[in-house]
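Chains as they are written, first to last, in the numbering used here: chain A, 9 to 160; chain B, 757 to 900.
No lab work stands behind these hints, which were simulated from the structure alone. Some hints here could point you the wrong way.
Stated by the list, open to error - Across the chosen pairs, the derived CB separations fall in these ranges:
1) A/S93 / B/E868: 34 to 44 Å
2) A/T34 / B/P877: 35 to 45 Å
3) B/E857 / A/D150: 19 to 29 Å
Unchecked claim - In silico negatives: residues of chain B with every beta carbon more than 10 Å from chain A:
4) R848
5) A864
6) T900
Please read all numbers here as calculations on a predicted model, not as lab measurements. Idealized CB from N, CA, C, for every residue including glycine.
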Amino acid sequence: MSPPFRRHGGTIKLALTAQERAVLHTLPQTLDNLGTPDVDPAVVRLHPPAYPDDPVADAYFREMTEDDLAKDRAADRSRFTETVSADSMSDDDAEIWLRVLGDARLTLAARMGIEQDDWEDDRSLAESREGAMLHYLSYLQDALIQVLSAAL
Amino acid sequence: MSDQPAKGIQVYPAVSSNLPPIDRRDQREPRKAMTLTEVLPSIEEVEPAATTAPHRIDTPDIDEVDELQRPWQVVVWNDPVNLMTYVVYVFRKLFGFSEGEATRLMLAVHHEGKAVVANGPREKSELDCYRLHHYGLWATLEKT
Chain A
9 MSPPFRRHGG
19 TIKLALTAQE
29 RAVLHTLPQT
39 LDNLGTPDVD
49 PAVVRLHPPA
59 YPDDPVADAY
69 FREMTEDDLA
79 KDRAADRSRF
89 TETVSADSMS
99 DDDAEIWLRV
109 LGDARLTLAA
119 RMGIEQDDWE
129 DDRSLAESRE
139 GAMLHYLSYL
149 QDALIQVLSA
159 AL
Chain B
757 MSDQPAKGIQ
767 VYPAVSSNLP
777 PIDRRDQREP
787 RKAMTLTEVL
797 PSIEEVEPAA
807 TTAPHRIDTP
817 DIDEVDELQR
827 PWQVVVWNDP
837 VNLMTYVVYV
847 FRKLFGFSEG
857 EATRLMLAVH
867 HEGKAVVANG
877 PREKSELDCY
887 RLHHYGLWAT
897 LEKT
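With the sequences and hints as input, model every part of the structure.
What follows is the structure, given as structure tokens:
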């Protein structure tokens with residue numbers, strides 16, 4: 009089985025099946041449609057408190073940054089969607105892929121209620137639909153990290 | 757790009773607007789606002805003479821001095837989902853750590869629950885925190 013990502017000159021080649029691309033295509037939609045913090049644990053996970061012991065400073069930080077963070081993430085998702093069907097991508101695009109794959113992993117895991125390190129050894133979790141997806145995204149992200157790390 | 761400073765991240769007023777207030781009780785020598793480096797030597801020089809000369813000095817509130825001097829640190833906390841390889845990569849990418857140092861910090865996060873990955877003035881630390889949040893890491897800020 010060929011690796012999903014491979015450096016080729018100045019670009020990174022994508023060797024993904026149509027089925028894989030179809031699955032990946034759904035990630036931005038999922039991340040576009042998060043709930044509110046009270047009903048969707050993914051929202052809490054994606055917006056950690058900068059000042060957990062200082063509600064005033066924390067609210068201020070949040071107010072000053074949350075629009076930027078939302079815009080940065082929306083731009084990431086938009087670029088991810090543009091490149092998900094491509095044959096190759098730039099290193100900058102790959103960096104965006106890392107973050108979108110990461111956000112999708114955090115979202116899945118938060119909704120599954122994963123709070124312990126040992127989830128990777130849980131066989132029944134791995135056989136569930138969400139668990140299989142989580143493992144697949146781990147595999148993809150790790151493969152991309154290997155390609156990008158070699159260029160650091 | 758995403759790992760460049762984000763616009764609008766400068767949350768707190770610049771240091772110069774956070775200086776000790778002028779003591780209005782002493783009108784003989786109206787003072788301009790002083791910078792911290794001007795204030796600190798003046799305390800050492802003037803204070804011992806304060807008993808012999810009727811000269812008031814503006815003693816900065818100790819907390820305000822702390823606020824200016826003490827750096828902030830960026831703490832990354834353990835989470836069960838982000839891959840170890842991802843955390844190492846993000847530390848290298850955002851802070852320029854060697855692979856060895858990034859790995860040491862990642863293992864500290866993993867085994868001790870958290871690690872300080874950066875420190876400095878408040879604005880810089882907040883920007884670092886923002887960038888880590890953008891990469892999905894659980895980062896917080898605290899005073900050293």
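Here's how the hints hold up against the structure:
no., hint, verdict
1, A/S93 / B/E868: 34 to 44 Å, "holds, 43 Å"
2, A/T34 / B/P877: 35 to 45 Å, "holds, 42 Å"
3, B/E857 / A/D150: 19 to 29 Å, "holds, 21 Å"
4, R848, "violated, 5 Å"
5, A864, "holds, 15 Å"
6, T900, "holds, 15 Å"
Hint check: a violation occurs at hint 4 only; the rest are consistent with the structure.
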